[in-house]
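The primary structure of each chain is shown beneath.
Protein chains: 4
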Amino acid sequence: MKRDIFDQISPLDHRYYKSNQELMDKVSSYFSENAAVHYQLRVETALAQGLEEAGICPIGTAAEIEKACAAINPDAVYQEEERTHHNIRALTNCIAQRVSESVRPYIHLTATSVDILDTANALRFRDAYHELLRPMLLALEQELIDLARREKDTVQIGRTHGQHAVPITFGFAVAEYVARLGERITYLDHGVAQLKGKMAGAVGAYNASALIIDNPEAFEKNVLAKLGLQPATHSTQIVAPEFLLDYLHGIVSAFGVLANLADDFRNLQRSEIAEISEAFSATQVGSSTMPHKRNPWNFEHIKSLWKSFAPRIMTAYMDQISEHQRDLTNSASGRFAPELVTGFILALDRTTRVLRKMTVDSDQMRANAQQSSERFVAEPLYICLAAAGHPNAHEAVRKMTLEADQKGQSLKEIVQQEPTLTKYLGTISKRGSDALENPLDYLGIASQKTETVCACWEEQLYHRN
Amino acid sequence: MKRDIFDQISPLDHRYYKSNQELMDKVSSYFSENAAVHYQLRVETALAQGLEEAGICPIGTAAEIEKACAAINPDAVYQEEERTHHNIRALTNCIAQRVSESVRPYIHLTATSVDILDTANALRFRDAYHELLRPMLLALEQELIDLARREKDTVQIGRTHGQHAVPITFGFAVAEYVARLGERITYLDHGVAQLKGKMAGAVGAYNASALIIDNPEAFEKNVLAKLGLQPATHSTQIVAPEFLLDYLHGIVSAFGVLANLADDFRNLQRSEIAEISEAFSATQVGSSTMPHKRNPWNFEHIKSLWKSFAPRIMTAYMDQISEHQRDLTNSASGRFAPELVTGFILALDRTTRVLRKMTVDSDQMRANAQQSSERFVAEPLYICLAAAGHPNAHEAVRKMTLEADQKGQSLKEIVQQEPTLTKYLGTISKRGSDALENPLDYLGIASQKTETVCACWEEQLYHRN
Amino acid sequence: MKRDIFDQISPLDHRYYKSNQELMDKVSSYFSENAAVHYQLRVETALAQGLEEAGICPIGTAAEIEKACAAINPDAVYQEEERTHHNIRALTNCIAQRVSESVRPYIHLTATSVDILDTANALRFRDAYHELLRPMLLALEQELIDLARREKDTVQIGRTHGQHAVPITFGFAVAEYVARLGERITYLDHGVAQLKGKMAGAVGAYNASALIIDNPEAFEKNVLAKLGLQPATHSTQIVAPEFLLDYLHGIVSAFGVLANLADDFRNLQRSEIAEISEAFSATQVGSSTMPHKRNPWNFEHIKSLWKSFAPRIMTAYMDQISEHQRDLTNSASGRFAPELVTGFILALDRTTRVLRKMTVDSDQMRANAQQSSERFVAEPLYICLAAAGHPNAHEAVRKMTLEADQKGQSLKEIVQQEPTLTKYLGTISKRGSDALENPLDYLGIASQKTETVCACWEEQLYHRN
Amino acid sequence: MKRDIFDQISPLDHRYYKSNQELMDKVSSYFSENAAVHYQLRVETALAQGLEEAGICPIGTAAEIEKACAAINPDAVYQEEERTHHNIRALTNCIAQRVSESVRPYIHLTATSVDILDTANALRFRDAYHELLRPMLLALEQELIDLARREKDTVQIGRTHGQHAVPITFGFAVAEYVARLGERITYLDHGVAQLKGKMAGAVGAYNASALIIDNPEAFEKNVLAKLGLQPATHSTQIVAPEFLLDYLHGIVSAFGVLANLADDFRNLQRSEIAEISEAFSATQVGSSTMPHKRNPWNFEHIKSLWKSFAPRIMTAYMDQISEHQRDLTNSASGRFAPELVTGFILALDRTTRVLRKMTVDSDQMRANAQQSSERFVAEPLYICLAAAGHPNAHEAVRKMTLEADQKGQSLKEIVQQEPTLTKYLGTISKRGSDALENPLDYLGIASQKTETVCACWEEQLYHRN
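Residue numbers (the working numbering), protein chains in the order written: chain A, 1 to 465; chain B, 1 to 465; chain C, 1 to 465; chain D, 1 to 465.
Incorrect hints may have been included.
[Stated by the list, open to error] Quick list of in silico lysine-lysine cross-link-like pairs, DSS-like style, CA-CA up to 30 Å: (1) C/18 to B/221; (2) B/399 to B/26; (3) B/2 to A/18; (4) D/221 to C/18.
[As the list claims (entries may be wrong)] Across the chosen pairs, the derived CB separations fall in these ranges: (5) C/130 to D/222: 54 to 60 Å; (6) A/225 to B/405: 30 to 36 Å; (7) C/281 to A/274: 32 to 38 Å; (8) C/1 to B/456: 52 to 58 Å; (9) C/214 to B/440: 38 to 44 Å; (10) A/55 to D/193: 45 to 51 Å; (11) B/456 to C/214: 18 to 24 Å; (12) D/463 to B/408: 45 to 51 Å.
Just so you know, the hints here were simulated from the structure itself, not pulled from any lab data. Positions of the beta carbon are idealized from the N, C-alpha and C atoms, including for glycine.
Same shape as in the complex, but just chain A (with noise of 0.2 Å):
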């Protein structure tokens, strides 16, 4: 059934599809009702297989469900669902009105609809990681590590508060996101890895399958087996709900990472700070009533899909609860949680993208953060006059940048006017003196940290595997 994209409702189908077109025919090759069928299928095939394998059917079923199934759409499926509103039998029907009379009665058998509905949504929440969404992380990670790299060495002004702290490097800054997501790409990897089917019935006690079968678990082991996955320790008609919520917790935390980047690169192209800026093409518009701006959209649009969809975890969180072995009230809430990794997707897909074509203005960055050297000169002075044994230097350093900002005059003179520091003046080492001579070089271990960092995840995220 076609429709027009622009009737559709969700703006994932109409305005990000249409400006995404194949990175979102790809997300749908996961997540679409299309999708879902074509997984569930994968599942009642398995299943086939292993009753044929536990002797249960005639050797030959399973290849010819498994045939059925490959001429199944979601069409047909919701047609036979219309009479009984049910989708699961209606897609065990399909499959039955396809198959020879003899081996009609071994679809679905032992199995309730949540085996085949949980474990597909298993895999292909595993299959879209693997396929698409790790790849795409670690293209991420991969921009990131050379852009920290390449920036390692550029001054830039550390920032807490909004205020000018101390110096850094931009690479150094950068290097915070490498680490962040570099981590969570670990996350998402062992949530990724906990995912688990089900081969259990209708309340996960076997009841079906122990009725025809010797050792149920050993069968929903193979099974499971054949699908890559493996069973929880225990089950109700439904998987138990956590495995799936750390999968969302991992994403939406990445997330969290993408909104964090957004915000900091949204801010360094402030008009007042200006150390960076998205590419603008010759024909772009900035405003439609002022011709000359030149907006950070992107990474503000970044940081919105986050506010869209990272409350949207909540609906995971009450869906943990189910009375009893199960009650439907996660079903509907269910089928909404691909929206989730979608729309990480595209904040994913954005960001890799400006990255790439993002400008950094290092003379602007040496520039501000030169603006403030003769005051954040002050954490050497402090640290060079305590290391030499001044019992209050904090608190002296602090009344002197009072002192100077009342005069109108640099730290440095107010300084020089103060006798009662000479004594601890005179001992300092020369990386002290170097720092308060040339405050824009009171850098740390910025630039070889970036590099650590770098190294560390690009052993660990690409060197492993």
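Got chain A; can you put chains B, C and D on it based on the hints?
Just chains B, C and D, lined up with the frame of chain A:
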């Protein structure tokens, strides 16, 4: 651009579109991208009319713009946007391509994009409410009123903590929802009337319009009046977010009322309670493995939709924050707001439809109440004793209920063995002794109150308008 | 029972109590457990008065109960609760211990616990609003009005996307918050007036009261009227949750306005922007290692409180669901609702205090605006050209801004090199040419609008009441 | 500073402190302000030891600092903070006041406040887990294991959608929670081990420490090792927020498991189901007006606590965003994080206590299951028919269940009237005919699986450590 609905990501655009096609087509006429563009064009037209009336452009300008707008669809706008990377400048370019050169200067003149977008948004949320949502709310309210009246004398046990408390009538239980839904409709009526538009330019200070128009505030009011809207007392680039937030709060809190009703009604269908049942067709399947199952899946579905959509209100709260005269981090997130309303519409429609076919088993209700009548007589007994002056009636009765439990006797039997009660019991009123004799008649004013509640909301919602 | 505040868990009870002792003592008089018990006793007294007036108990009963209530504190109630495991029966037992035997039967008669609890809750939320919260809101509003008026002519660059847009005045920027906060006060005024009580018994059907009182609805109205409250049209065991929810929504959405103001004002303090500054005392430390730091920590704190409390509104949305005539799953969660209001009160107080001492650097504001004046002249140029009939003014000016960037020239210089513009520029109005000559005067009606907004809300909030 | 607990705002500090005094005193030793200061002093001591070992200060410095720290309490720190308006500089001043002048320079040297705060936080969350939370989790897990084993053969109806499905055993139902809680403990074990400290200075680049120490990364590792912690691969002013976020996610998701258990167990106490009951003391009151009430208030309370605390995880997700090297908007919000853990601890304690005294009514369980045995036999019938080759067994049985309903006959009677089934029924296995004859024995491997689940988690949680 057409696409198979089963390739879409959002369940709103595949599963719930497919199964609610007629309704969802109506929803699309407010909340699709097509509708969004249509509403934006309405605002551009009103703006042109305002400019013409202000003498800024020649007579006929607005008519030509209006005609051009009628020919524009999202396909054209999106194609232009590929060049401009700006959706409203793309829209205005599309208009410009369809008018004579002399008209072009006046398209969008004085407006910033958000003048169009926020005003169009207010319009579509308002129209969707008055033309679709409110009639649906009233239909459900009427269904509830009819049900409450029909069952106003049907005895049902009142339950607190899931435990039998004292009896009510089923109509009285339904009247709760008549009142709560009615009250939410009133809230929404008020909220919708507060939605605001703006035509105050890039930063809300009428910089552009003040350049060419003597009274830009009057001009704004005139343009908005053509659309049935008013401005807020102050705007920045955007309309203050609280107006839409209140509307969405109204939606989510009305959704909560449906969720509560759904929980009540699915619990009344528990096998052990069995007081009501959803309709079940002859071909309907309850479980793919348990042929006997009949599930309260509609009410479960309503609860599940609530879990899916209610947390999204957090996005609207976060979107209250827009830095300085505006940042764009509310843009993508704002595009998803119609989904929240759509989810509620689906739940509303489902609730109304399932109530229409719901069966009430008044015999089972009475039987359930009867089961505990020997216990809940404790309340009227306590009240009668106290009213007769017993200084410690609650405690005395409480202990007798424990004694009854221990001895396996009825409370009545225990009472008869208690000589200290005689003097109080002798003075009990007719109403009191009736309640003690026929506990199922201990209904307070349940029936009469049901009638009062129904009449009150009928008056407020249907007859005043 | 006394305890060291630094052994407490909640920052509201240690850190924020310690640093806001006077204010928090006022908060305690509504939201502590002491206050809760006090309000419950007020409701028990009103109930007794109602019973006496209904002729249920002898004249003098209510007075005796009122006197007993005055002597009760939480210690006594909690001690009794250890026996009863029920807080309201513990409360009524405490009353009973303090009255004569003949009065005892009439304590709490006809009421269920929630009649007392929900009514007491409505009372304390209402009183806290009228006596504490609203005066604080008005004080902040006045502070904002004063600031807006004081700075109504102080030129500041308007910013969208963090980029310089076109100029406004700082007073106009502040007027945004005058309007948004004023509007929220109006919302809360309405919301508080909707808070409801109840005196309808165990399941809301007046079962108990109808047994001994002829018109139980009139009785309920009379009892509540003594407390200045009304009943809803229908109650179950509880008051419908939407009334309190709307109030909490009002709180959280007003909190969002403060959070937005805080974000605006902390960003204005960025080292590179530096347009305003929070007061900084002579002994104050900004960083334990960087003696020069002066941070916008107050506005950061306000934003942080918002992050801490805003999500708690989800609890109130979840508490809308109470199965059948009531389940108890809203009990503990409801106890935490006052924390949300308390968090807002702290933020409100902080905002008002920091605004009082805030410094505005109008020179820096002007200098920042000046920096981009050669760019933002693009808007008035476009408007003037269009108004003069240029068919494609926006695009023409946009291209010239790009050219200016590339050539390193000012837009003005580029314009002068463009002969096609001459015919339009010749017809420009006085206001137009003023804006092009003195872009910092391109302020729209910023100053006048500031005055209008202040006057409007002053009238609505201060003079009508 | 002492204060009446009933004057406090947070229920954690009045009601729940009062009723759980012993437990809450333990909680205070990690999560009170006293504890916070104590942990901060531990970090300052470790830092001094590190400096001493690095040769920065004379031997004995650290010992003197450690001794001084032992004498400091929050009262002193808060008093000093009134002067500094900075809590960590107040803390270090307090230390300075208690050491000799020669030691003063080395207090806090190289550290920024957050080095102390974030490290101290990791410490107290870790200690609270290992010393308090994990033992409590294991105690509940053991309680569940014991209950599951005790009831592994107690027949109970399995329920899906609140409808009778097919039978299980109550022990098997409990085993769900053995598995889910066990899995969450494993998650938390991992999460706690990931908590990180830092000692990298104001912006994470070791600016200060690199000035006086040759290998500042080794220095950081050495300091943290004294506290049993490690640094992350990169820090800014703060530790990357994801480590604490994962821990809080572990808490909230474990809370969700308790909430599900609570919902299950309060529903099993419904008057009509009555399969289990919470203990009820002889003096306990269930309702202030209905003397007969016995409510599942403990499980309701647990669910209510979950509603109160689970949404607060949104604050932790929002706190992932900290602009540039850090903004302070995570400061106040971070102070409330211990409340979330405290709420969970209360729920955990309550769950364990109520389970210990809970009564299981196995007769009622069996009776409830018996009631629908003539219906749920439909599943084994369908499975047997299908396994025997019936091509359409599910549909055939489904129709017969409808026929049974219509005719008021049992499914068995309908089956006997159906000649087409004879050929299949003749081939049914022993297990099949047993299930058809004695539907209450149709239990799958419920009992055996209960044992497997219990043994598996016992092994993982108790014997490996």
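Each hint, compared with the structure:
The suggested pairing of residue 18 of chain C with residue 221 of chain B is violated, with an alpha-carbon distance near 50 Å, which exceeds 30 Å. Using a Cα cut-off of 30 Å, the hinted pair residue 399 of chain B and residue 26 of chain B is violated, with the two alpha carbons roughly 61 Å apart. For the given pair, residue 2 of chain B sits about 11 Å from residue 18 of chain A by alpha-carbon distance, which is consistent with the 30 Å threshold. Note on residue 221 of chain D and residue 18 of chain C: the hinted pairing is violated, with a Cα-Cα distance of about 36 Å set against a maximum of 30 Å.
About 59 Å separates the C-beta atoms of residue 130 of chain C and residue 222 of chain D, a value consistent with the hinted range of 54 to 60 Å. The given range of 30 to 36 Å is broken by residue 225 of chain A and residue 405 of chain B, whose C-beta atoms sit roughly 54 Å from each other. The hinted window of 32 to 38 Å between residue 281 of chain C and residue 274 of chain A holds, with their beta carbons roughly 33 Å apart. Hint check: residue 1 of chain C to residue 456 of chain B, Cβ distance near 47 Å, so the stated range 52 to 58 Å is violated.
Separated by about 22 Å at the C-beta atoms, residue 214 of chain C and residue 440 of chain B break the suggested range of 38 to 44 Å. Between residue 55 of chain A and residue 193 of chain D the C-beta distance comes to about 46 Å, which sits within the given range of 45 to 51 Å. Between residue 456 of chain B and residue 214 of chain C the Cβ separation comes to about 21 Å, which falls inside the hinted range of 18 to 24 Å. Checked against the hint of 45 to 51 Å, the C-beta distance between residue 463 of chain D and residue 408 of chain B comes to roughly 47 Å, which is consistent with it.
In the structure shown, a violation is registered for the earlier hints numbered 1, 2, 4, 6, 8 and 9, in ascending order.
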